[in-house]
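Participant: Chain by chain, the residues:
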Amino acid sequence: MREIITDVAIVGAGSAGLSAAYQAASAGADVLVIDENARPGGQLFKQIHKFFGSKEHQAGTRGFVIGEQLLDKVEKSGAKVLLDSLVYGLLPDKSMGVISKGQNYSVKAKKIIIASGAKENYMAFPGSTLPGVMGAGAAQTMINVNRVLPGERILMVGSGNVGLIVSYQLMQAGAEVVGIVEGAPKIGGYGVHAGKIRRAGVPIYVGHTVERVFGKEEVEGAQIVAVDDKWNKIPGTEKTFDVDTVCLAVGLNPMTELVWMAGCQFDFIPSFGGHVPLHDENMETTVEGVYVAGDVTGVEEASSAMEEGNMAGVAAAEALGYLEHEEAERRKQEIRGRLNTLRSGMFGAGRRSAKEKQLEDMKSYLAAHKRTAAEQKEEVFFA
Amino acid sequence: MRVIEHPILDELKDQKKVTLYYNGEPVEAVEGEPVAAALMNAGIRVFRTTAKRHEPRGIFCAIGRCTDCMMIVDGIPNTRTCVTPVRDGMRVEKQEGLAPLKPQA
Ligand SMILES: Cc1cc2nc3c(=O)[nH]c(=O)nc-3n(C[C@H](O)[C@H](O)[C@H](O)COP(=O)(O)OP(=O)(O)OC[C@H]3O[C@@H](n4cnc5c(N)ncnc54)[C@H](O)[C@@H]3O)c2cc1C
Ligand code: FES
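So the sequence lines, in the order shown, correspond to chains A and B.
Quick note: the first sequence uses my numbering, first residue 1, plus one each step.
Quick note: the second sequence uses my numbering, first residue 384, plus one each step.
Mixed in with the good hints, there may be bad ones.
What the hints assert, rightly or not - In silico DSS-like cross-links for lysine-lysine, where the CA-CA straight-line distance does not exceed 25 Å: (1) B/435 with A/101; (2) A/73 with A/50; (3) A/216 with A/230; (4) B/477 with A/101; (5) A/101 with A/50; (6) A/216 with B/435; (7) B/400 with A/101; (8) A/108 with A/76; (9) A/216 with B/477; (10) A/370 with A/357; (11) B/399 with B/435; (12) A/196 with A/216; (13) A/332 with A/363; (14) A/186 with A/230; (15) A/73 with A/110.
Said to hold, decoys possible - Stretch by stretch, here's where chain A covers chain B in the computed footprint (C-beta under 8 Å, at least three residues): (16) 385 to 396; (17) 407 to 418; (18) 455 to 461; (19) 468 to 478.
Please keep in mind that the hints were generated in silico from the structure rather than gathered at the bench.
These numbers come from a predicted model, not from an experiment.
We put the CB at the ideal spot given by N, CA and C, even for glycine.
All chains, please: the whole structure from these sequences, using the hints.
Facilitator: Here you go:
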C-alpha cells in the first residue's frame, strides 16, 4: 500500500473542508483534502439562491459563486485536493485508508479534519421506495449541477427552507410543482422563500401528510391527507395528485461514520440531526488531533459550515506551530463573532442554544476525562 | 429532459456528447456527467431491483450516500451510478438483485 504523509488531512471538499484547507494551508501547513466526487465543492454548487446573513457572509451572493471564490482561494493557498477518492477508514493512530482511482493508499496526518457533511432523511409510506420518490437535495443536484429534470410534475414533502428553495429551483428549471405538503400546522422555512412560492401559485398544504404514492414501476401519482394536532389522519380529507415525482425535504442527518471510527464521544441533539460529535471551541473532538467542521457537527447551513471550517483550519495550524498564539486568537475571535451573528435571530437562536449545549457537554466531558491521545488509543486498540 | 435555458445559470452549451450503452441500447450522454443523470435524461428511472422482493429502485440521494442507484457498469456490479462519471462507450446494465461478481481480467 502506498503511503502519503501530510500535516493536515481533510475529509470532504465541501464548504467546511475547503475553508479549513484554505486557513491551514495559507498559514503554511502541508494540507491534503480528500473527496470522493469528481468535482470539489460538496453541496455548494447546487445552491443557486442568494445567501442570507450580513455582508461578511456574502449575503446576496449566490451559493455557486461563493463556491467558485472559495475554490480559487484554496488553489492559491497551496492545499492539495485529491478527488475521486474515498476515505473508507480511519485508525486510532490517525492513518486513513483511501481508495483513489482504484489504488489503495494510507494517508498519515498529524491533524485530521472530518468535514463529511450530511445526508438526506428518508420517510416511509406506501410507495416510498418507488423510483421517482427522491430527496429534495437529490432533485436539486439533478437540476442545478447535472442540468437534468428528474420529473415534470412534482409534489414536495416538507416546507422547511430546503423544501421551499428546491421547489422554487425546480420551477426555475422548468418543472411544475403541484404543491408542498407540511405535516406541522405552519410553514417551517423563512417567510421570504414561502412568499415566492405562494406568488408563483403553488399551494402549501399545512397539516397534511403523504398517504401513499401510486405506481407499478415508478411514481404515477400521490395522495395526501389532513392530520389533526396529534398527527392522526382525518378520513375523508384525501387529495390525489397526478405527479411523476415526489421529493422529500424532511431533514438531514450528519455523516458521522468516520468520527465514530476515530473513537470520538457523541452528543444527541435532535435539532442538529441526531448524534453529533462533542467538540470544543477549536472544533477539536474528544480524540486529540481529530477535528470536525460543518454539517457533520450538526446540520446547519453553508455559511456556518464555512466558518466552522475556518475555525478548525486555524486551530490545526496553531497546534502545529504555524500560527503564533496571538495571531491565531485574533483570527478565532473574528470567526466566533461571525458564527454568533449567523446563529442569531428567529431561526438562528435555536441553533445557537443547541451549539452551546454541545460545547457545554464537551466541557463536562473534559472535566471528567482526559482527551484521548492518539497513542494511548492505539494501545487500547491493539491490546 | 435537459435544463438548457435557465434564469440564473448560464445557458448549457459546448457539452461533449458521447454514447453509453444501457442494456445494449445506445443512450446519448454528456462526457463526465454521472451515469444516473444521463439515464434520467433519457427517461430511464428504474435502475435495479431488490434481491428479496424484486422491487424497483431508482435514485434517492444523487450524491453517493444511499446505494439505491447501483447498477452493473462495465461489468462491475453495485456501482453507484450517481457518482460514476460517463465515459464514451460505457456499458451500463440494470442490476437484478445481487448481481454476481465477475472475475476481473
Ligand atoms: C443534498 C443537499 C442539499 C443541500 N442544499 C442546501 C441548500 O439549498 N441551502 C442550504 O442552506 N443548505 C443546504 N444544504 C445543507 C448544508 O448544510 C450546507 O449546504 C453545506 O454545504 C454543508 O457543508 P459541509 O462542508 O459540511 O458538507 P458538504 O458540502 O456535504 O461536503 C462534504 C463532502 O465530503 C465528501 N465526503 C463525505 N464522506 C467522505 C469520505 N468518506 N471520503 C471522501 N469524501 C467524503 C462528500 O462527498 C462531500 O463532497 C444541503 C445539504 C445537502 C446534503
Ligand atoms: S442515489 Fe444514493 S447513492 Fe446514488
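Participant: Find the hints from earlier in the document that the structure breaks and name them by number, from lowest to highest.
Facilitator: Of the numbered hints given earlier, those the structure breaks are 1, 3, 5, 11, 12, 18 and 19, listed in rising order.
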